[in-house]
Amino acid sequence: MNRFIESSIKTTRGLFDAVARFPITVFCLGCATTLACYMIIISLDEKPELILQKLMFTFLLGAFLGVVAQFSCERFERLKRMRLPVYLISALLIPSYYLIILPAPSMTFTVIIRTIVAIFAMFCAFIWLPSFKDKADFNNIALIHFKSAFTSALYAAVLSAGCTSIIAAIDILLFKVNQDAFLITLCIIWLFFADLYYLSLLPKFNSESEEDRKYAAQAEIYPRLLEILVSYIVIPLIAVYSIVLTAYFIKILITLKWPTGQLGPMILAYSAVGLVTFILSNQLKNKFTLIFRLVFPKALILMVIMQLISVAIRVNAYGVTESRYYVI
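In our numbering, the protein residues as written are 55 to 382.
Some hints here could point you the wrong way.
Unchecked claim - Using C-beta positions, here's what the derived DEER-type ranges look like:
id	residue 1	residue 2	range
1	Leu147	Ile167	18 to 26 Å
2	Ala323	Pro139	54 to 62 Å
3	Glu265	Ser61	13 to 21 Å
4	Val231	Ile367	52 to 60 Å
5	Gln272	Asn336	15 to 23 Å
6	Thr218	Val73	22 to 30 Å
Honestly, the hints are just simulated from the structure, not real lab data.
This structure is a prediction, so every number in the text was calculated from the model and none was measured.
All C-beta atoms in this analysis are idealised placements derived from N, C-alpha and C, irrespective of residue type, glycine included.
Produce the complete structure using the sequences and hints provided.
Put into structure tokens, the structure is as follows:
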């Protein structure tokens, strides 16, 4: 019982610390969650207004921008002394993005893709910032982010199952519950709580405090379960997938018949999963990971060349489209 109380207090303190550490992000997540819940309520009667959809995208981007601002202040001493101006500039950039997408007549593919690309850029920035100029090890930072995201998703899944079961029991046994309650509950858990808990698990990577350094060192410990997953499941699957793609490449060279668009998503997925695995396997020294880290970069170059040739042929035949532009 005492351990449960201590764990609850520690988790609660971590959540409050995350609110204080990432104020812009928490504010944007709160606004995005509120908008999402409102859109769930009105979606049964009418399509959400365009302005709500644009605000939703803006707040999601703002949440990532807030993390970048905080990590910038933690990494650079000069910005640490200018935290308020950094926050103000970040806060101004959020409505600026809204003004950029405001003239769009609808949430077109272009607007959605641009927002996703901007969010991905912010994600890459806050993953990379703490390790700028080798201040910290990038691979360890990526591992901590992965572990934090996985733990947060696991907690959110358990909490979702429990809360929806309680709502269902009340609906069946006591009184009727509005069906929106299920989606609203899931929205609050996954959009707000899961992200906030994820942030609460992130250590202060560039802190000189002994307590922060100790917490970061503990967070860098490689879990045995993850080692088994990466070494003996993910890497062999990537190896087999690489063989399939290589065989397809040989088939193309023999038949001189290039794919008609189906190759792009497969190469992108292969590259994304492979690169994440490459980073996560940095600490592992077994035979599988050593061979993978030696071979994968060369295999990836081959796949990318094949993809670029395929896209070039499509561009020459049909011109540049937005999807092909982002693939390139």
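Evaluated hints:
1. The beta-carbon spacing between Leu147 and Ile167, approximately 19 Å, falls within the hinted interval of 18 to 26 Å.
2. For the pair Ala323 and Pro139, the beta carbons lie near 41 Å from each other, so the given range of 54 to 62 Å is not met.
3. Against the hinted window of 13 to 21 Å, the Cβ-Cβ separation of Glu265 and Ser61 comes to about 18 Å, which satisfies the hint.
4. Checking the proposed 52 to 60 Å range against Val231 and Ile367 shows it holds: the Cβ atoms sit about 56 Å from each other.
5. Distance hint check for Gln272 and Asn336: the Cβ-Cβ separation is about 18 Å, which falls inside the suggested range of 15 to 23 Å.
6. Judged by the Cβ atoms, the range 22 to 30 Å given for Thr218 and Val73 holds: they are separated by roughly 26 Å.
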